Amino acid sequence: MTKESNLVQSVERAFLILELLRDNRQEMGVREIAERVNLNVTTVHRFLKTLISVRAIRQNPRTHQYSLAPTMILYGKAVVDQFDFIRCAHPLLGELSKTVGETAFMGILDDYELVYVDHVDSLDHTLRITPQIGRRQHAHCTSLGKVLLANLPQSNLNIFLSRTSFPKLTENTLNTPEMLRVEFETIRHQGYGLDKEEAEIGICCVAAPVIGLEGSVIAAISVSGPASRIRNKGIDTFLRENVVKTARNISTSFLA
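Residue numbers (the working numbering): 19 to 274.
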């Protein structure tokens, strides 16, 4: 029996709807949901009723549209709580943010994508970058993602680089296996990675790895902000030094 034949299609479809509502971040009507997940309205309506019954989603009684229910926050918190290093890291992430005056982030890899698992906002600026915890992003064009990819076992890295394409999100995005191999080698050698407007024009970041048991990289941390402000503070000096120092301190506290 193949792996695909073991899957329960109704569960897959329910998660398609949940992921759509998660990513859309606004209420959606049944017809729009049906169109986006490529199912008929009757089928989608049945799934929506079931998801309401288990308190995964809710329906606005005024607009009759659907959104994720507050109960889902508990699932997200439970996932975060399973990662001890996030709890260990959070106070140090806060210290980093306060020291450099920018928002600090932590991310992990999941299926070769970057997933944000924690952040501490800077209170120094009204203009700051704050992605949702759990948000996924291309890894090849972010400082967090590149640091995590660079520290993969060679066999896993080869799998990632064997992909046919890497989306070029800006004119600065590295989007070929050859370019990325060179970048990953540089990151491994210097111990940190930079994003110089590679994921989004006007945004720069610097990241460093968090080391877990047996010397493996379990996460990465970064600071990010408007390009001009980040460059003025010293992306490759002051900011880099503090990010690398904090990553080492998190690694030490987790292993203690």
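FYI, nobody ran anything at the bench for these hints, they're computed from the structure.
Hints may be right or wrong, so weigh each one.
Calculated lysine to any residue pairs in the SDA-like style (CA-CA distance at most 25 Å, straight line) [stated by the list, open to error]:
(1) K186 / G220
(2) K263 / P244
(3) K67 / Q77
(4) K263 / N250
(5) K186 / E131
(6) K186 / L170
(7) K251 / E232
(8) K214 / E232
Everything numeric in this text was worked out from a predicted model, so none of it was measured.
Structure-based check of each hint:
The hinted pair formed by K186 and G220 meets the criterion: a straight-line CA distance of about 15 Å does not exceed 25 Å. Between K263 and P244 the alpha-carbon distance is near 22 Å, which keeps this suggested pair within the 25 Å criterion. For the hint pairing K67 with Q77, the CA-to-CA distance comes to about 9 Å; that is within 25 Å, so the pair holds. About 20 Å separates the Cα atoms of K263 and N250, which keeps this hinted pair within 25 Å; it holds.
The hinted pair formed by K186 and E131 meets the criterion: a straight-line CA distance of about 15 Å does not exceed 25 Å. For a cut-off of 25 Å, the pair hint linking K186 to L170 stands: about 22 Å separates their Cα positions. Distance restraint check for K251 and E232: the Cα-Cα separation of roughly 34 Å exceeds the 25 Å cut-off, and the hinted pair is therefore not satisfied. Restraint check for K214 and E232: the C-alpha separation of about 31 Å exceeds 25 Å, so the hint is violated.
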